[in-house]
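Taken in sequence, the protein lines are chains P, Z, L, S, E and A. Heads up: take any position in the first sequence, counting from 1, add 4, and you land on the numbering used here. Heads up: take any position in the second sequence, counting from 1, add 4, and you land on the numbering used here. Heads up: take any position in the third sequence, counting from 1, add 4, and you land on the numbering used here. Heads up: take any position in the fourth sequence, counting from 1, add 4, and you land on the numbering used here. Heads up: take any position in the fifth sequence, counting from 1, add 4, and you land on the numbering used here. Heads up: take any position in the sixth sequence, counting from 1, add 4, and you land on the numbering used here.
Please keep in mind that the hints were generated in silico from the structure rather than gathered at the bench. Glycine included, each C-beta is placed from N, C-alpha and C at the ideal position. One or more of the hints may lead you astray.
Straight-line alpha carbon distances no greater than 20 Å define the calculated SDA-like cross-link-like pairs of lysine to any residue that follow [claimed, not checked]:
| id | chain 1 | residue 1 | chain 2 | residue 2 |
| --- | --- | --- | --- | --- |
| 1 | S | Lys85 | S | Gly97 |
| 2 | Z | Lys85 | Z | Ser75 |
| 3 | A | Lys54 | Z | Glu49 |
| 4 | L | Lys54 | P | Arg218 |
| 5 | A | Lys85 | E | Ile22 |
Covered stretches of chain S (chain E as the covering partner; in silico rule of three or more C-beta atoms under 8 Å from a C-beta of chain E) [as the list claims (entries may be wrong)]:
| id | stretch |
| --- | --- |
| 6 | 85 to 96 |
| 7 | 192 to 203 |
These are the residues of each chain, in order.
There are 6 protein chains.
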Amino acid sequence: MSRRRERAADAMRPVRIIQGYTEMTPGSVLIEMGRTIVLATASVEDRVPKWLQRTGSGWVTAEYAMMPGSSDRRIRRDQYKGGRSKEISRLIGRSLRSVVNLRAMGEVMVTVDCDVVQADGGTRTAAVNAAWLALHDAFAWALEENMMAASPVLDRVTAVSVGIVDGECLLDLDYRDDVAASVDMNVVMTGRGLLVEVQATAEGLPFSREELDRLLDLAGIGIEQIGVLQDELVAG
Amino acid sequence: MSRRRERAADAMRPVRIIQGYTEMTPGSVLIEMGRTIVLATASVEDRVPKWLQRTGSGWVTAEYAMMPGSSDRRIRRDQYKGGRSKEISRLIGRSLRSVVNLRAMGEVMVTVDCDVVQADGGTRTAAVNAAWLALHDAFAWALEENMMAASPVLDRVTAVSVGIVDGECLLDLDYRDDVAASVDMNVVMTGRGLLVEVQATAEGLPFSREELDRLLDLAGIGIEQIGVLQDELVAG
Amino acid sequence: MSRRRERAADAMRPVRIIQGYTEMTPGSVLIEMGRTIVLATASVEDRVPKWLQRTGSGWVTAEYAMMPGSSDRRIRRDQYKGGRSKEISRLIGRSLRSVVNLRAMGEVMVTVDCDVVQADGGTRTAAVNAAWLALHDAFAWALEENMMAASPVLDRVTAVSVGIVDGECLLDLDYRDDVAASVDMNVVMTGRGLLVEVQATAEGLPFSREELDRLLDLAGIGIEQIGVLQDELVAG
Amino acid sequence: MSRRRERAADAMRPVRIIQGYTEMTPGSVLIEMGRTIVLATASVEDRVPKWLQRTGSGWVTAEYAMMPGSSDRRIRRDQYKGGRSKEISRLIGRSLRSVVNLRAMGEVMVTVDCDVVQADGGTRTAAVNAAWLALHDAFAWALEENMMAASPVLDRVTAVSVGIVDGECLLDLDYRDDVAASVDMNVVMTGRGLLVEVQATAEGLPFSREELDRLLDLAGIGIEQIGVLQDELVAG
Amino acid sequence: MSRRRERAADAMRPVRIIQGYTEMTPGSVLIEMGRTIVLATASVEDRVPKWLQRTGSGWVTAEYAMMPGSSDRRIRRDQYKGGRSKEISRLIGRSLRSVVNLRAMGEVMVTVDCDVVQADGGTRTAAVNAAWLALHDAFAWALEENMMAASPVLDRVTAVSVGIVDGECLLDLDYRDDVAASVDMNVVMTGRGLLVEVQATAEGLPFSREELDRLLDLAGIGIEQIGVLQDELVAG
Amino acid sequence: MSRRRERAADAMRPVRIIQGYTEMTPGSVLIEMGRTIVLATASVEDRVPKWLQRTGSGWVTAEYAMMPGSSDRRIRRDQYKGGRSKEISRLIGRSLRSVVNLRAMGEVMVTVDCDVVQADGGTRTAAVNAAWLALHDAFAWALEENMMAASPVLDRVTAVSVGIVDGECLLDLDYRDDVAASVDMNVVMTGRGLLVEVQATAEGLPFSREELDRLLDLAGIGIEQIGVLQDELVAG
């Protein structure tokens, strides 16, 4: 039952990304990381939240939700309002904003909806990866529509989960790993290799500084690999 | 811009159905009717609503919701609680129950979630068609798991929308037709050709008995075609 | 216990309508259809919903709710937000709007509240009948107040329920009929005899085209009778 | 426009009470105090709130709400949850319980719903008067049904509003009085003449002990008159 | 266990008031009445509710809530929305407004939040006493900030609870008294000795006019003592 | 106005902790970190959430909320349900559970409510520190009451915030620091010096691995100092 028999500790699950998955929104990206599937759609609106009106600045926000059939135990629709979903939505939103020049957007709002089609661990980091691409495509559309003069995207943003299972540091936890993990950590990095978010939580045993370092190293490996895919898709 | 130039009045849009679209629920069916895409997942739970406890009877229910990026105007997540969504959820649930022997289920509940991935008209009838297949597959799984002795499915159920645009009766309205329609009608029929639901609404001009008859004829044509697809998939 | 012993299959329950039942709103109509009692009050406001502002057009909407003591099992007050109530509210609103020239109203909104005082079957169709009269009276008041130049009412609208009980098609179901019905159908027609809404639902057994036709015939008989009463009251 | 021209300071508006107004609940009483109309229906349930289970004691509660068309400015349905409605519901409930032997009820709950059909001042005190009669009738029914051995009603309860308008103490304020009142006071008394609730509020100017005494005297006059009507109806 | 052994029937619990308890709001007052502790903070905003906009008048409102750990049975946070809390919030707001010239405020709103840190009876009257001081301090600050030309405070307002326990009229009920009380009464008076609110409720036995008078006398004694403290603090 | 003029980059604000601040709950701790003030009360209930029933295990949970007057801009009471508050509540709950043996509790639930009396930065870490002490005291009480055989507390837990302001790594951010920070980080450690939570967020510029290390060093310094205080209080 051990993970190590199937995949090396520093190996990612297969990643597949489809741009333009649906047609209704200017950004629409489906990502598969192993059996985890997330659809990110980016909608552009010609308005900003009240507290930004008349500041000339735009806004980027995200909403994360699990679809009812995404898990083998049915997920209630109102769960998108629960603490976990809100927390993940906030994480995705902050990650996106960290690489966007909001002032260059004008008074425009982009909402990136991240709906988990199938959940097998690492949904929030998969969501960040797809959301950034959907956001990128939405800005590309906005440029074509002359809503903006230049793309407000400053850099790439990429995320991966790592953790400690049975004392071993592992990259890209699937659900089986996640349940067994004593430490769960999500890392978000820019294309230049700087950190945007580090969220490490001891679900079971607390962890040492040395373990934290090893986890950050592993995260860097995974982020590098996903980032290559993102770059290719953006380069078109 | 007229519909007639692209598709005959009695012609369906291309229909494509994928069984087993996701892996987490025993039933998972993706349907595409033209650009309309709906994912139906059927979750089985070993309990029934309070009012059915200790009756020996099961329950089948449905929830319909549009995904935020399914339309070119972003759909708010809380809209699944709105009147329109609740009304459609009830229609789907009733349609499914009309062909299920609830007593043969035992005290088991199946919830079929119908999430609109992309909306281009006819989402509720597409949902009925996919939901019935997902329900069928969920019961097949329950049989294998020995949760039931025999399948409680009594018949097929199939739905299609029809309407009147510029005085002409049309089969399978897409969004452009829908907006222009003076009358909008949804028809649900069993495999034996009996009616389960007839919902005709004059959005603009009221309509005559003759027009109602013509619309029912058209609905029969469409339902026949979708039914063949459903039968093939069930036959495996 | 059979219905046939008390009332013929094509016979209505006694109908009684009181105009000006209360004094606070310009329209206030109490309708009794057998033991079913509904109070419809029409309130006029000098504003329209946001999406109609600056269009010059008015709006007519309805809210349906059962009073807590209207049934022998107490109805919770928050049930007006439930799926069934919302669905019926929408049906009443559409029916009223089908015979109103919204543009002729100016930016005025009429809300017709339909509160079920006592429920014995057919509450939604009783509500439509009373609501139309309350709306008519509200517009008459608005004309007197010079809020409008001409009445925006284009035609009468009348509704009745029909259904199939023990294989027999019946007009104007009371609660005992309703519980026993295999098919339940609501029909809304204009004064000119055109259809506005046809909502037929198989609660138990599905039904044939022939049965649908017979039900529409019966509905026509009932609507004719109620329409005469409405016309008399409007003629004053 | 002064009140004094129409009605003496110590004169009540005409009071009319109809027992058995509707048929679905064992208690159903309509009260008219001038133009104020309230319908009180008492529903009996064979259960008690959780905190009373297994205590052998029953419960009496009340819910007060204004109907949407009861005022010349439309009342939103969700207002029954607002502070004012909750406060009045609590007042009515306490008043009823003050004259009921809850232990003699057994584990039974009576909910008295007080719906304001038309509001012209004094709705909460009108509601108390009707609610007590509806409760009385519900207990009479419960006795007949052998749910209880003896009536748990210990005494009558009656209420009236008084207030100070332009420095003058007035009995039974209508809406016009109410708006002009500097002090508004509701008094609830038992048949034996003891006080159950005294709620005096200075909406404008504070008031003296002498004015409080005068208001209590006036309330006694009104309660005496309404109490005679209640006694007659109970005596049958 | 009798109260009388510890404290005379007409004796208050020790009262202690701290002005400027916290620093974030212009008014912040902590009151201790025996073991009952309430923190009142007054926030000033440069806006008024919609219905007061463009009237030139200000508004004073209050919100009362028990903190989760204020009682030996944990209080749920959403209870601030319950009927009891709303009712008390309304009482505090009315009491404050009865001694404020709203027109002299300009279009400014003061919200006084009364959070019960520890509940041992008499929380609502303790809240009134602290709230008035916090409001006073908020206005003093507003004067310094030149938001107002003169203080809109017309008089002092002070409150105390009284009640009947075992047939004896008592001043300033603590929780043990409160539970045993057959009558519970809250009295709010101005500095000039006029009544603002009298709320007497028979929780158990109804009460006579003589008892009401005795309770009002007791309330006067307590209010006099608290008023002296308030005056001293205001005098600085 | 720079921070460095008042306090060294590695200096904490003065910390003051009061045990037994209120009397109603078995744990009640007030903490002041500079001007930040948080009250943590721990309530013990003889029940567990549904999903733990019949497992023999207990539960520890936390709720965090800002009091309305805790900030110079009034905080709405319903904000305790917002994403930020839920996220912080979850962080506190996880931190506490990381040092508690839930199985040793028996089927008992402790809820630690953390109410921010005054907010000047670092409220969530102050809350963790006080919450752990309140939890400790609640377990001490439960031991005395013979609800448990031995204390389920395995270790101490302590938290502090750090961040980067103008490129400089700072310990224990106050509000002014927080607003100016490009990186904000919260660290939770056990008494043995192991990590429980590391949450680093780039609000502005992303950060390097070296900066992360420097921040962790600073956090260790602060946690050491607070831990000494916690240990002293627990030692009594």
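Next on the checklist: For a quick check of understanding: which of the numbered hints are violated here, in increasing order?
Outcome noted: Hints 4, 5 not satisfied by this model.
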